[in-house]
Amino acid sequence: LTSGILHPPFYHPSAPVVMNFGGIGTVIGHEITHGFDYQGSQYDETGRLVNWWRNDTREKYEERVKCFERQYSSQVEPVTGKKVNGTLTIGDNIADNGGIKQAFKAYKIYTATKEQEMDLKLPKSMEQFSKEQLFFIAYASTWCNDNSKEHIEARLKDDSHAPATSRVLVPLMNSDDFAKAYNCPQGSKMNPVNKCLLY
Numbered sequence: 001l002t003s004g005i006l007h008p009p010f011y012h013p014s015a016p017v018v019m020n021f022g023g024i025g026t027v028i029g030h031e032i033t034h035g036f037d038y039q040g041s042q043y044d045e046t047g048r049l050v051n052w053w054r055n056d057t058r059e060k061y062e063e064r065v066k067c068f069e070r071q072y073s074s075q076v077e078p079v080t081g082k083k084v085n086g087t088l089t090i091g092d093n094i095a096d097n098g099g100i101k102q103a104f105k106a107y108k109i110y111t112a113t114k115e116q117e118m119d120l121k122l123p124k125s126m127e128q129f130s131k132e133q134l135f136f137i138a139y140a141s142t143w144c145n146d147n148s149k150e151h152i153e154a155r156l157k158d159d160s161h162a163p164a165t166s167r168v169l170v171p172l173m174n175s176d177d178f179a180k181a182y183n184c185p186q187g188s189k190m191n192p193v194n195k196c197l198l199y
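If you read the sequence shown in UniProt numbering, its first letter stands for residue 1, the second for the next number, and so on.
Be aware that a few hints might be false.
[Said to hold, decoys possible] Restraint ranges, calculated between C-beta atoms of paired labels, are given here: (1) Leu169 to Ile32: 33 to 39 Å; (2) Asp44 to Lys105: 39 to 45 Å; (3) Lys105 to Arg54: 24 to 30 Å; (4) Lys189 to Trp52: 36 to 42 Å; (5) Lys83 to Met190: 17 to 23 Å; (6) His7 to Arg48: 17 to 23 Å; (7) His151 to Thr113: 41 to 47 Å; (8) Ala106 to Glu59: 28 to 34 Å; (9) Arg64 to Met190: 49 to 55 Å; (10) Lys124 to Asn55: 53 to 59 Å; (11) Asn145 to Thr113: 34 to 40 Å; (12) Arg48 to Ile137: 17 to 23 Å; (13) Pro123 to Asp44: 44 to 50 Å; (14) Arg58 to Asn194: 20 to 26 Å.
[Said to hold, decoys possible] Result set (BS3-like, lysine-lysine): computed pairs, CA atoms no more than 27 Å apart in a straight line: (15) Lys82 to Lys157; (16) Lys105 to Lys180; (17) Lys108 to Lys131; (18) Lys83 to Lys149; (19) Lys195 to Lys105; (20) Lys149 to Lys108; (21) Lys180 to Lys114; (22) Lys180 to Lys131; (23) Lys149 to Lys124; (24) Lys114 to Lys66; (25) Lys108 to Lys124.
By construction, these hints were calculated from the structure, which means they are not laboratory data. Where is the CB? At the ideal position from N, CA and C, for every residue including glycine.
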């Protein structure tokens, strides 16, 4: 990560802490998760090319990866109407899911160990949301974009990242914390019974 990312919507020094955890926190968590994906499993703590996973660890990992591949491959990008390639995008899909989980956990640890932050003035339209809900709103806002259909179609063919809608919706569908924050009924679209979890 470079300092160039330290601007809204990822980070602002005057933003409520929860918004920064939902923004830059999820990006940091995403990058940390890469250390424990297929690529990261090939390098030890000194950066040497070493397979440090046991065979049973790799087998369990690959089993869980298949769940993510199926889940993302079932997603339809709304602008183009084309399906996401869950195999092509698997590394970053897993990192997105891990990043949001780690950042939310870090936020909860932070709030349990620090004095409660002063509530900074939010726009009236945001006052209705809990801090947990604001975390997920901040996360989703990092993926706001306005790309042409042609641009999205090109990215669907060869980009290792899923389109923005999938990068927002699927990790939230897999998040028990999101379902709890928004009271999503079990079995609903945003709280499916069968979730994909890496850990």
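Comparing the hints with the structure gives:
Take Leu169 and Ile32: their Cβ atoms lie about 22 Å apart, and the range 33 to 39 Å is violated. Range check, Asp44 to Lys105: about 25 Å between beta-carbon atoms, so the 39 to 45 Å window is missed. Range check, Lys105 to Arg54: Cβ separation about 25 Å, and the 24 to 30 Å hint holds. Against the hinted window of 36 to 42 Å, the Cβ-Cβ separation of Lys189 and Trp52 comes to about 38 Å, which satisfies the hint.
Between Lys83 and Met190 the Cβ separation comes to about 20 Å, which falls inside the hinted range of 17 to 23 Å. Separated by about 36 Å at the C-beta atoms, His7 and Arg48 break the suggested range of 17 to 23 Å. At roughly 43 Å, the beta carbons of His151 and Thr113 sit within the given window of 41 to 47 Å. The beta-carbon spacing between Ala106 and Glu59, approximately 29 Å, falls within the hinted interval of 28 to 34 Å.
Take Arg64 and Met190: their Cβ atoms lie about 21 Å apart, and the range 49 to 55 Å is violated. At about 56 Å, the CB distance of Lys124 to Asn55 agrees with the hint of 53 to 59 Å. Separated by about 35 Å at the C-beta atoms, Asn145 and Thr113 satisfy the suggested range of 34 to 40 Å. The hint said 17 to 23 Å for the Cβ distance between Arg48 and Ile137, and at roughly 41 Å that hint is violated.
The beta-carbon spacing between Pro123 and Asp44, approximately 48 Å, falls within the hinted interval of 44 to 50 Å. Separated by about 23 Å at the C-beta atoms, Arg58 and Asn194 satisfy the suggested range of 20 to 26 Å. In summary, the hint linking Lys82 to Lys157 is supported, as the alpha carbons are separated by about 10 Å, within the 27 Å threshold. Distance restraint check for Lys105 and Lys180: the Cα-Cα separation of roughly 14 Å lies within the 27 Å cut-off, and the hinted pair is therefore satisfied.
As the CA atoms of Lys108 and Lys131 are separated by approximately 10 Å, the hinted pair is consistent with the 27 Å bound. This hinted pair checks out: Lys83 and Lys149 have alpha carbons roughly 14 Å apart, not beyond 27 Å. Between Lys195 and Lys105, the direct Cα distance comes to roughly 18 Å. Compliance with the 27 Å bound is thereby established for this hinted pair. At roughly 39 Å between alpha-carbon atoms, Lys149 and Lys108 are farther apart than 27 Å, so this suggested pair is violated.
About 23 Å separates the Cα atoms of Lys180 and Lys114, which keeps this hinted pair within 27 Å; it holds. At roughly 12 Å between alpha-carbon atoms, Lys180 and Lys131 fall within 27 Å of each other, so this suggested pair holds. Only pairs whose Cα atoms come within 27 Å are accepted, and Lys149 paired with Lys124 is rejected, the gap being roughly 34 Å. Distance restraint check for Lys114 and Lys66: the Cα-Cα separation of roughly 39 Å exceeds the 27 Å cut-off, and the hinted pair is therefore not satisfied.
A threshold of 27 Å between alpha carbons decides the hint, and for Lys108 with Lys124 the separation of about 25 Å falls inside it, so the pair holds.
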